[in-house]
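Visitor: Mind docking chain B on chain A? Use the hints.
As they're listed, the protein sequences go chains A and B. Start counting the first sequence at 3; every next residue gets the next number (the numbering used here). Start counting the second sequence at 860; every next residue gets the next number (the numbering used here).
One should not assume that every hint holds.
[Stated by the list, open to error] Using 20 Å as the maximum straight-line C-alpha spacing, the simulated PhoX-like pairs for lysine-lysine come out as follows: (1) LYS863/B - LYS234/A; (2) LYS1004/B - LYS68/A; (3) LYS99/A - LYS120/A; (4) LYS863/B - LYS227/A; (5) LYS863/B - LYS164/A; (6) LYS227/A - LYS253/A; (7) LYS1004/B - LYS1094/B; (8) LYS1061/B - LYS1144/B; (9) LYS68/A - LYS956/B; (10) LYS111/A - LYS99/A.
[Stated by the list, open to error] Chain A side only, calculated, beta carbon under 7 Å to chain B, not exhaustive: (11) GLY75; (12) PHE179; (13) PRO207.
[Said to hold, decoys possible] So these bits of chain A aren't anywhere near chain B, every CB distance computed over 12 Å: (14) TYR73; (15) GLU112; (16) PRO125; (17) ARG131; (18) PHE138; (19) THR200; (20) LEU229; (21) ALA232; (22) PRO250; (23) LYS253; (24) ALA257; (25) SER280; (26) VAL328.
Derived from the structure by calculation, the hints contain no laboratory data. The beta-carbon is built from N, C-alpha and C at its ideal position, and this holds for glycine as well.
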Amino acid sequence: MRQHSAVSWWVGALSFTLAIVLLLLFLAGGAYSINPDDLRLNLMGRLASSLLGLFGLCTLVSGGIKQGFSYTGMILLALFLLAPFVWMVLVSLHPSKTPIPTLDLIIPKEPAWDNYGKVLFMPNLPVSRFFLNTLFVTLSVVLGQLFVSSLAAYGFARFQFKGREAAFGLFLVSMMFAGPVTQIPVYLMVQKFGWLDTYAALIFPGISSAFTIFLLRQAFLAIPKELDEAAKIDGAGYFRIYWRVLLPLAKPSLATAAAFTFFGVWTDFFWPMLSTNSTEMRTLEVGLSIFKNSYGAANWPLQMTAAVIVMAPLLVVFLFCQRYFVKGVMMGSIK
Amino acid sequence: MERKESRWGWLFIAPAFAHLLLFALAPILYAFGLSLFRTRLISPEREFAGVENYTFAVAEPSFQNALWNSARYALVSVPLGLIVALAVAILVNQKLKGITLFRTIYYIPAISSGVAIAMLWQYVYLPETGMINSLLGMLGLDNKKAFLDDVGSAMWAVAIMSVFTGLGPRMVLFLAGLVGIPQELYEAGALDGATGWRAFLKITLPMLIPTTFFVVVTSTISALQIFTPIYMMTKGGPEESTDVVGYHIYTEAWVNFNTGLASAKSFVLLVAIVAVSLVQFRMMKSQLKGYSAA
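The shape of chain A in the complex, shown without the other chains (with noise of 0.2 Å):
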């Protein structure tokens, strides 16, 4: 942290106190507004001088007017966009079927504790099923397409043969561009192998990815050939090569490549909502479509329930492992 100038410390100390002051003098103004007019005007008061206290705290904190204006606007940011999860969760503990509570009696009194396990052990709806069936097919997606990408971008980073810039350049396009036309034939291909509402259409579609071999051959490039010919020398084969050398080197891209299928596989909604029907095979986030669609508008509690208990295990996955996803980005771009 750089040090306070003189400067800042007065803008700071001076917003802050001016934004106090205004804030209590509206505060007190707005007991005395009858006229609507008056009232709004009141009420913009007390939102700007909320604003010039915010920048002016920022400004002491950071100590510098550059950083306060920073400040500032992230911490908006984060709360309009953390805002409808703070909501979501407060909606959640209102009671069943109350309609929805405006911002000022947003804060439930008793909450309703119990509308968790009103949607957890819904009769119909086996929410534990769900989420069994996500965890399931997510990770053998994610285990799968590890290793069969992987193996792909060491063919691809480590020998020459013919076709392989064409072979690589196929995967890259067919991830750009193969997606709006393979819904129908792909739903198709499944019903013929018999697979519509098992596991294995939910898994093998996603088994392997273009972006994953990508990502995992950027990383094997990254690694120094020398190593490859030791372990030769040492009398290795190409597999094992693979699995004893490469593979350990290339964890922090494993580790992000499985960071991004994870989450696009427990979050895909269009595949598995097409190739299921049963309500034991379906996921998560159809489950919670399914819930929303028939307790419609009607009871938002119970909604935002449900949407908590979906969004809890991602959060907190996510959390542990969000380091992954700048790198992965990054490396995504990299052409």
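Guide: Relative to chain A, chain B alone:
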């Protein structure tokens, strides 16, 4: 030796390549085949139709409407998402205490459940009790507007939502681009009097062209295929004003069961996406040329 290595190379990529054939290349051919037939999901009969599905699709007003909706959605959400992401990236590209916390928070919507996010933003846009309208109401302004239920605003509401839900990855990409700009450029620029805003225009922006290109192409591709928010929030309504191509094809295939026609429409979308990407690629090339000449 050479041949042996070649065989090993193919062996290692074989599983992934088989997967690519089965789940991407064969389906593309299969879809093209389907698009030439009059065929429905629920009946086994199919009848060769040639290009009839294509001529029908291109002339169909509701498909034209869907194409137009996707175009205006992309035209708003892509530039807006780009500008916001760049601004936020610059904001969090400072050495400040707790900056990683903010980066993490901004990423959260992108890893969240798409269905849950759509439900939350439905609340954001509700009349009277919704987040925006509550704030408007507190300020004594008009708080009756149902943003998602109004032909004039529904599409923009979904587009603005995408600016924030897709912020994380775009922000990180720009962050990577910003970090990659050599500090010496700014030092040299400062000697020539380029500081602050001028440095941003003359150094930062040109150096970010490759990143910008990547962000524009990838977010255009995903904007043209948007489905989940539409399915959850508007179902293409009101009055088909948010019936984008991704949703339109979904209903054609899985509600109307017209798999042949839907395949033809998905090929029209594919061609549109490739064409837009090529145009963007051309534009970036000419941009880069301009800068290297200057």
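Visitor: Compare the structure with each hint and give your call.
Guide: Taking the hints in turn, this is what the structure says about them:
1. LYS863/B - LYS234/A: This hinted pair holds, its Cα atoms lying about 15 Å apart.
2. LYS1004/B - LYS68/A: Since the Cα atoms of LYS1004/B and LYS68/A sit roughly 37 Å apart, the hinted pair is violated (cutoff 20 Å).
3. LYS99/A - LYS120/A: Judged against 20 Å, a Cα distance of about 12 Å means the pair holds.
4. LYS863/B - LYS227/A: Holds, at roughly 18 Å.
5. LYS863/B - LYS164/A: Status holds; Cα separation ~12 Å.
6. LYS227/A - LYS253/A: Holds. LYS227/A to LYS253/A sits at ~17 Å (cutoff 20 Å).
7. LYS1004/B - LYS1094/B: holds (19 Å)
8. LYS1061/B - LYS1144/B: It holds: about 18 Å lies between the C-alpha atoms, which stays within 20 Å.
9. LYS68/A - LYS956/B: holds (14 Å)
10. LYS111/A - LYS99/A: With a Cα-Cα distance of about 15 Å, the restraint between LYS111/A and LYS99/A holds, given a limit of 20 Å.
11. GLY75: Check passed: Cβ of GLY75/A comes within 6 Å of chain B, closer than 7 Å.
12. PHE179: Holds: closest Cβ of chain B sits about 6 Å from PHE179/A, inside 7 Å.
13. PRO207: holds (5 Å)
14. TYR73: violated (7 Å)
15. GLU112: Non-interface label on GLU112/A holds, nearest chain B Cβ at 21 Å vs cutoff 12 Å.
16. PRO125: The claim holds: PRO125/A sits with its nearest Cβ about 21 Å from chain B, beyond 12 Å.
17. ARG131: With a cut-off of 12 Å, ARG131/A remains clear of chain B, as the shortest Cβ separation is near 17 Å.
18. PHE138: holds (18 Å)
19. THR200: holds (16 Å)
20. LEU229: holds (17 Å)
21. ALA232: Fine: 18 Å to the nearest Cβ keeps ALA232/A off the interface.
22. PRO250: holds (17 Å)
23. LYS253: Per Cβ check, LYS253/A is outside 12 Å of chain B; nearest 19 Å; holds.
24. ALA257: Per Cβ check, ALA257/A is outside 12 Å of chain B; nearest 15 Å; holds.
25. SER280: Its Cβ never comes within 12 Å of chain B, the nearest being 17 Å, so this holds.
26. VAL328: violated (5 Å)
Going down the numbered hints, you'll see the structure goes against 2, 14, 26, while the others check out.
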